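Participant: Top to bottom, those sequences are chains A and B.
Take the position in the first sequence, starting the count at 1, then add 302; the result is the number in this note's numbering.
Take the position in the second sequence, starting the count at 1, then add 1; the result is the number in this note's numbering.
Please keep in mind that the hints were generated in silico from the structure rather than gathered at the bench.
Treat the hints loosely; a few may be bogus.
To be verified - Below, simulated EDC-like cross-link-like pairs (lysine to aspartate or glutamate); rule was C-alpha separation at most 20 Å, straight line:
(1) 10(B) to 341(A)
(2) 339(A) to 31(B)
(3) 339(A) to 39(B)
For clarity, every value in this text was computed on a predicted model and none was experimentally measured.
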Amino acid sequence: GENVEQHPSTLSVQEGDSAVIKCTYSDSASNYFPWYKQELGKGPQLIIDIRSNVGEKKDQRIAVTLNKTAKHFSLHITETQPEDSAVYFCAARGGGADGLTFGKGTHLIIQP
Amino acid sequence: NAGVTQTPKFRVLKTGQSMTLLCAQDMNHEYMYWYRQDPGMGLRLIHYSVGEGTTAKGEVPDGYNVSRLKKQNFLLGLESAAPSQTSVYFCASSYIVGGPYNEQFFGPGTRLTVL
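Using the sequences and the hints, build the whole thing.
Facilitator: In structure tokens:
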């Protein structure tokens, strides 16, 4: 089955700086790669996603890049703000109807 | 729309007791999922359903059973709870996979402790 590795487990950045979280996946059949943000005591919430036929996608301060050859994808957050502090999860899904395979999460801390 | 709701929010069980977690969605989604979240482990898929009356096993199905008798509800059962099932359980739902809408919408979670 699919295996998703996520790094780093904790990331601390100064407010206003950029943050990058990286993930690798194992199943070359995977074709959908979402990123979720989870705040304390809440369920994960989708912030951006990308399909395998696209190399990059951007939504305001958030961008995701995908390298299918290397089987890795990354989340980029620019101009970080205090409200960006949360746990971020990457995930991957193959062509079937089964669920997502998640990375173990990155705790992003925005230092004032 | 309430989205995805889960009942109960918290529960404490003794080893060997049984319980059912209820997930409900009002978005007319076809697919529903149960995940568990443990510290440092991310979310892992327990069971899922691609439609009313159908269920399938995920990555960690042992010790759990599920039922999807109505399209809007997905039940997760623990027949004989064990301390290893102490976790936060999340339900999610989505439209048909492969279409233009892939997003899985998550509920707020149920925190279960088994003593």
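Participant: Each hint: holds or not?
Facilitator: Now the hints, each set against the structure:
1. For the given pair, residue 10(B) sits about 16 Å from residue 341(A) by alpha-carbon distance, which is consistent with the 20 Å threshold.
2. As the CA atoms of residue 339(A) and residue 31(B) are separated by approximately 24 Å, the hinted pair breaks the 20 Å bound.
3. With a CA separation close to 16 Å, the supplied pair residue 339(A) and residue 39(B) stays within the 20 Å bound.
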